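J.: Sequences and hints are given; from them, build the entire structure.
So you can see what is in the structure, the chains are spelled out below.
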Amino acid sequence: MSEHRHFSDEVLSAYIDQDLDRERSAEIADQLGSCAACRAVVAEIEAIKNDLTDLGQAQPQRDLWPAIRRDMARARETVSWWRRFWMVPVAAAVGAAAAVLLVLVFTGPARQGSVKPAGKLDALASVQKAELEYRGAIASLQQALRSDKPAWGPRTQQVIEDSLAEIDKSIRRCHQAIRAEPENIQAHEMVLAAYQQKVDLLTELVAESM
Amino acid sequence: MNFSRQPFWSNAGLWGKIGVLMPDTQTAKLDERTLVESSVKGDEGAMQVLYRRHSGKIYGLALRMTGSPADAEDIVQDTFMRAFQHLGKFRRDSSFSTWLYRIAVNRTRDWAKKRKPTSPEVEIAQAPRQADAMVGKRLEKALGRLPFGYREVLVLHDVLGMRHAEIGPALGIKAGTSKSQLHKARASMRQMLTNAQGAS
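These protein sequence lines map, in sequence, to chains A and B. Going letter by letter, the first sequence gives residues 46 to 255 in this note's numbering. Going letter by letter, the second sequence gives residues 163 to 362 in this note's numbering.
Mixed in with the good hints there might be a few duds.
What the hints assert, rightly or not - Which stretches of chain B does chain A cover? Using the computed rule of at least three CB atoms under 8 Å from a CB of chain A, they are: (1) 206-219; (2) 234-248; (3) 320-330; (4) 333-345; (5) 350-356.
Stated by the list, open to error - Pairwise CB distance ranges (calculated): (6) B:G334 with A:K214: 29 to 37 Å; (7) A:R67 with B:K203: 47 to 55 Å; (8) A:E211 with B:G334: 22 to 30 Å; (9) A:A88 with B:A327: 26 to 34 Å; (10) B:K299 with A:R67: 38 to 46 Å.
Because the hints were derived from the structure by calculation, they are not lab data. Nothing here was measured: the structure is a model prediction, and the numbers come from that model. Where a beta carbon is used, it is the ideal one built from N, C-alpha and C, also for glycine.
T.: And the structure:
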């Protein structure tokens with residue numbers, strides 16, 4: 046008498062869905078012809094499948110559309126509030142810094158001697174003020190992110206951390222350049238651009254976390 | 163006069179606004195791509211048509227995954243809000259529904275992470291038709307005991323009728339993995355149901 050072999054539930058489930066190749070399917074069909082136990086398993090799996098299909102499409106007990114609309118409007122307001130929150134003081138400070146830096150650009154390195162030391166000091170003070178505003182905005186945005194505790198996946202989290210680290214690296218490099226050459230206008234412009242980039246990214250993350 | 167051959171109902175800007183007043187048989191004709199494009203431009207009527215078209219299945223998924231109608235409603239709300247907020251990021255390499263399922267699946271995963279660890283199994287809410295049937299009760303209890311990954315595939319395939327080619331992108335897995343998870347899930351279900359029958 047040949048040894049009787051039963052197929053596993055997983056194989057029989059794949060047979061039901063016709064996920065097996067022709068040879069394997071034929072082998073199982075043969076087996077089902079002679080094995081009541083395997084036939085019973087197939088019948089049970091088919092019953093489970095049918096019962097699950099019967100669970101069918103459910104409907105929410107209430108219309109959720111008004112709540113979705115309201116949430117979207119609220120999110121738009123919050124984002125615009127955040128943008129206003131950091132934009133007004135930062136934009137004012139950055140505008141002042143840019144104006145002073147522009148004057149230095151036009152006076153140019155060749156004519157640096159003609160720029161009064163007081164003018165350079167004003168430029169540096171303006172940039173420092175803009176930096177302070179940016180740092181304040183960044184701290185507020187980071188605080189908002191911490192309080193919302195968004196549940197990003199590990200890969201997304203990694204991308205976010207890498208991007209922020211990259212921006213911080215740019216800021217550090219600009220500061221190094223400024224320390225070595227305090228009148229380096231490009232370095233001043235670049236540090237402000239890097240801060241702007243960080244604020245933009247954080248604002249987007251805050252919006253995403255809502 | 164030069165008449166366009168494009169069907170008049172494909173104008174989501176117009177039908178996005180009117181379509182919400184139409185029965186499902188009419189809104190079903192609206193072209194999904196046009197609805198998505200109108201929604202990106204902020205057409206709330208088009209968004210509403212997309213919501214009406216997909217909310218049932220998204221709710222079905224959330225309900226079978228959480229077992230709680232209230233949590234399922236929160237997930238539906240959150241899913242659509244995020245989808246419409248970030249519709250600009252939707253790449254057309256998959257269908258809108260696959261992208262939407264992916265968001266919903268991520269929401270249910272977040273829900274599972276935040277859930278108190280004291281409740282190892284989810285009491286799956288019953289469909290009214292099966293409320294009185296013992297078999298339905300056992301089935302839903304077994305579904306709630308399945309590992310989360312198995313349950314995702316089983317609900318998407320057997321309950322919601324999705325194909326593996328759609329489930330793969332929605333869950334971020336290969337179609338082959340989806341098949342293998344499904345067969346393992348059904349095997350676990352049968353095992354649990356057999357044990358439950360033996361115990362009763």
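J.: Let me make sure I understand: some of the numbered hints might not hold for this structure. Which ones are they, in numerical order?
T.: none
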